[in-house]
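Asks: Top line first, the protein sequences correspond to chains A and B.
Our numbering puts the first residue of the first sequence at 865, with every later residue one more than the last.
Our numbering puts the first residue of the second sequence at 39, with every later residue one more than the last.
To be clear, the hints were calculated from the coordinates, so they are not data collected in a lab.
A few of these clues could be false.
Derived SDA-like pairs (lysine to any residue); straight-line CA-CA distance at most 20 Å [claimed, not checked]:
hint : chain 1 : residue 1 : chain 2 : residue 2
1    : B       : Lys64     : A       : Pro939
2    : B       : Lys297    : A       : Pro939
3    : B       : Lys297    : A       : Gln956
Computed from a predicted model, the values in this text were never measured in an experiment.
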Amino acid sequence: MNAPPGLPLGSPLVVRNLHKSYDGREVVAGLNFSLRRGECYGLLGPNGAGKTTTLRCCLGLTTPDAGEVMLAGLPAPEHAREARMNVGVVPQFDNLDPDFTVAENLLVYGRYFGIRDAVLKPKIPALLDFAGLAGKEQTSIRVLSGGMKRRLTLARALVNDPELLILDEPTTGLDPQARHLIWERLKQLLTQGKTILLTTHFMDEAERLCQRLAIIDNGRTVCEGAPRELIRAHIEAEVVEVYGEDAPGWAAREGGRFSHRVEVSGETAFCYVDAAAPLLDHLAGQPALRTLHRPANLEDVFLKLTGRELRD
Amino acid sequence: MNPTALPRLSLRALAVWRRNFLVWRKLAIPSLLGNLADPLIYLFGLGYGLSSLLPQVAGVPYIAFLATGMVCASTMNAASFEALYSSFSRMHVQRTWEAIMNAPVSLDDVLAGEWLWAAAKSTLSGAAILLVIALLGYVASPLALWALPVIFLTGLAFAALGLIVTALAPSYDFFMYYFTLFITPMMLLCGVFFPPQQLPSVVQAVAAWLPLTHAVALVRPLLTGFVPHDMLLHLAALLIISIVAFGIALRLTRRRLLK
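Please model the entire structure based on the sequences and the hints provided.
Replies: Below, the structure written as structure tokens:
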């Protein structure tokens, strides 16, 4: 099967001009991105930005209104079922099989790929070891912690040794220990040459893992690039956060004199500057205000581009 | 996907069937006993209670008459429960279908696997009753073995009808309507407890169209040692109900899950 003209060959996932509406509301409004083999690509966006709908289109679980998807070299949704032979998925919501033990979950999932028990059984200890679940073969799913379930879901996504992994918010709801373990495992998979598509709204997660990412909002790409590049391109180098009851008042009176841009959220003023020294000197004379001086990060870019108002 | 497209099935449906079988196998004995208890309570309760008042019904002892009806009714109930409560749990509560559809298995395969599984499980249930009543001496001839494929076909029909309801259900509560308005009336109208000829002719005319009527019309003669009248008609009716209902269930489930 040949890729339609204009689509990069050999890419594990190509999305071109994707559109999808529900009840007259355009959830995905002309999205474009393609993954390079071996990279981790992030889709970042506030709730309702269209991330999950995009993933459903990529997996062929829904038909887009317009646009093209090439999954593992095959057009979706037409040939998505065959394409999913080479894809592993970690969904946003836990859907391990509660009627089975840990090992049975992997074995039964392998059967959905047509993998014979005799082939998969010898691989289960290594998969569980990778997931930090060694020796838990006979444990019931119902007694696993949230972190263990996520790790088992990751192991389940690997039963078919996929070239592409699609992870929908893989660390949402996990404690820091569990998140770090997942990150470490994902990095390990990248060094093995797997390609990863990740959605998240944890900016530190995206900064750590993604070679490239797209920030999407209202179903459109707002910006795309490497995390460091995006920070350089879209935001001042440094941030001084100013806290205190009078921070909004101070920001209104004085903020603009020392900063390129000031955003106020509650009792915090975020001052974006290229050089912080004059602002910090001035703030040294304001004992009622506390300050935090830090380099700009991806979260600053995200909030600048998608706004600070709540999305529910 | 176009919800009206023809089913695109593959052998992966069998992996879905096997998944359900594996779960059932873990609890096979309690599950079978559970399936047996309800019909046997009816059989002995009503059978012994009424057989002194009704020594012969349609030419056989009442308890033998009732036993043949209970085979069909328990098949209907087992298929309906599986296709409603169990399938709904896997679709909606546990998100098992969602996980399966991330693998190279289509929704059509998932639904076909569920359908065949519910029919198979109800066949076990009907066959278990059949075995019990055979041991009790209420089965007249080896013709009764032909009841097994009829039981399976009955299971297919009720499993497909149940999957339609599951595709439409917002929650478990919804199933109450189906049982109250459809399953329970069939128990009373389709010849399980008494011959439908006892009913007013208008009701008889309606009952003649109900799926359980066709099952009873086939199973009862086979267990009492006769070849059923209008056998092909009743077989065709069950087959058509099965196929059409599965087609509708598939269309509704696609609309629900692949939107």
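Asks: Does each hint hold? Answer for all of them.
Replies: Outcome of the hint check:
no.: 1; hint: B:Lys64 x A:Pro939; in the structure: violated (40 Å)
no.: 2; hint: B:Lys297 x A:Pro939; in the structure: holds (18 Å)
no.: 3; hint: B:Lys297 x A:Gln956; in the structure: holds (18 Å)
Hint 1 from the earlier list is the only one contradicted by this structure; the remaining hints agree with it.
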